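Novice: Just so you know, the sequences run in chain order A and B. To convert, note that position 181 of the first sequence is 182 in the numbering used here; the numbers rise steadily by one, no gaps. To convert, note that position 51 of the second sequence is 52 in the numbering used here; the numbers rise steadily by one, no gaps.
Rather than coming from a laboratory, the hints here were simulated on the basis of the structure. None of these values were measured; they are calculated from a predicted model. No residue lacks a Cβ here, since even glycine has one placed at the ideal position from N, Cα and C. Hints may contain errors.
Said to hold, decoys possible - What the simulated footprint calls covered on chain A by chain B, stretch by stretch (three residues with Cβ under 8 Å from a Cβ of chain B suffice, anywhere in the stretch; the number is not a length):
#1 25-36
#2 47-57
#3 74-81
#4 91-103
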Amino acid sequence: MKKTFLAFALFIAVMATQTQAFAQKFSTREGHISFFSKSSMEDIEANNHKVSSVIDAATGKMEFAVLMKSFVFEKALMQEHFNENYVHSDKFPKSTFKGEIENLSSVNLSKNGTYDTEVKGNLTMHGVTKPVSAKGTVTVKDGNIIAKSKFKVKLADYDIVIPAVVKDNISETVEITVNNKYTPLAK
Amino acid sequence: MKKSLLLLLLLLLVGAGIAYKMYNKPHADLSQAKADVTLDATALFTEFSEGEEAANTKYLNKVIDVKGTVTEVKAGEVTTVALQTNDDMGGVVAAEISPTAAAKAATLQAGSSVTVRGTCSGFLQDVVLQNAVIVE
Chain A
2 MKKTFLAFAL FIAVMATQTQ AFAQKFSTRE GHISFFSKSS MEDIEANNHK
52 VSSVIDAATG KMEFAVLMKS FVFEKALMQE HFNENYVHSD KFPKSTFKGE
102 IENLSSVNLS KNGTYDTEVK GNLTMHGVTK PVSAKGTVTV KDGNIIAKSK
152 FKVKLADYDI VIPAVVKDNI SETVEITVNN KYTPLAK
Chain B
2 MKKSLLLLLL LLLVGAGIAY KMYNKPHADL SQAKADVTLD ATALFTEFSE
52 GEEAANTKYL NKVIDVKGTV TEVKAGEVTT VALQTNDDMG GVVAAEISPT
102 AAAKAATLQA GSSVTVRGTC SGFLQDVVLQ NAVIVE
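Okay, chain B solo, but in the shape it has when bound (with noise of 0.2 Å):
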């Protein structure tokens, strides 16, 4: 009888601790992971702005490996790496950098190549990446 109730104790402390580390747990850390899909960003703009629906179909939540040529890094509240594209009105590749990669990019040049790892958000005027890390 003892036995089965510090049996059953042992497994209650196990399943709090396991839902107290899964509240918990921190963004993913796009640096460990591997990407879904590796294009430049002309070319995933271009599928954006020509397919909005395929595309997010194709790209949202996926983790992509984006190059190109850094345009603007804004930093403020939120770091901000643009990617150039070829649209006429500006449309950019808008990462969204994570708090752990915020000074890594914020020592970047415009004019720089660079490859970009965030998960796809979604296209409003800019194709949008969060969480994003730089890639070696």
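Same shape as in the complex, but just chain A (with noise of 0.2 Å):
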């Protein structure tokens, strides 16, 4: 009898854990985004280590946010072309994206491992709201989630204009690589 009670509190207990994890919201401040634009005349690259990012695991809704002007470019003239003259960050100094992994019964965020994850949503930048698409990793490990993905944007999908004069200096369309560390949010 005693034996019986305590392999079914046992197995509450566990059962309970395996909740926890499925309701379990991960977040990071400290997110990685870069960008890359590469032409003839030459390669562009800027870091944004300030992403705020929130991933849910019990629906796989993921959500970020970014300051335009927290990408350092290692030029500080292009910095200031990039906020000033071409994605206006006075005016809109936030990019947000809302989406959620597509293929979440194949991903165990509450087993260590690596899997291959397809996420779909809205991305909004420059004030144009368009929907993106993009492949990537998400690597389980004790606890925190490590999201990785790679994907390319059109700039001239967010009225994100080049002046003719600098034409062959950036690429029409620019490749953004996410590496983000989250961390469980605490309740």
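Now that you have both chains on their own, put them together as the hints suggest.
Specialist: Here you go:
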């Protein structure tokens, strides 16, 4: 009788932790997003280490918020031009992405491992919202999540205009790389 | 004829020199700059959390000296110094430290009082400063 009770109690305890993991939200305030433009004249890269993002393990929903002024370029002049002339960050200081992991059933966010993901959602940048689809990976390690992805964005889709004079210096399509480490969000 | 040609060449060289210098100019060294505003971390955070649009208009791109208590110094690809606010959700003033000031920032102890000078990028869960330096 005692053995059965103990076994049952253990079963409940284990199930409770499983449910806990699935009901868990994960967040970061120091996510890393970079973008890369390759052209015949030069390569341009900028890094943002202040990305705010949340993953809801229960629904697979992923949200990102990015301050455009937190993109750091090697060249100060490029950073100025980016903010003042291309993305107009005084007017549109934030870009956001709201979407979800489409293949959540094949991603076990409570078990250590690396899983391929397909994330779909809407990216709002420079005042324009467009659907985006991106393949990536999610690595679960000891209760933390590392999400990585690479995808391309066409600048013109977001009304970001490249002046003719620098047309050969900046690619029409830039590659975005995401590399975020999430920790469980304390309830 | 020869003189004006030489003058033109000289002007072109000077122009090219200036353009080259501008293209390669480094990020501003804020340790040499004067702050546009000085206030404490809690006050700055409160302004953003209670009225983001107004705070954006007031603080975006401005050089701000923020006084506060260090809650955390994160080192990694970039060094970030977090200053305490009274936010229940743990929001801070997060200053991304300029590479030139990273070594100094890394020596900061949690709980110590400090003044950080950075350029305001805006507000997510924290108030974010860029290119920040530690002010003596």
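Novice: Now tell me, hint by hint, if it's right for this structure.
Specialist: Tested hints:
With 3 residues having a beta carbon nearer than 8 Å to a beta carbon of chain B, the segment 25-36 of chain A meets the requirement of three or more and the stated coverage holds. Counting residues of the segment 47-57 of chain A whose CB falls under 8 Å from any CB of chain B gives 4; the rule of at least 3 is met. Counting residues of the segment 74-81 of chain A whose beta carbon lies closer than 8 Å to any beta carbon of chain B gives 4, which reaches the threshold of three, so the coverage claim holds. With 3 residues carrying a beta carbon less than 8 Å from a beta carbon of chain B, the segment 91-103 of chain A meets the three-residue requirement, and the given coverage holds.
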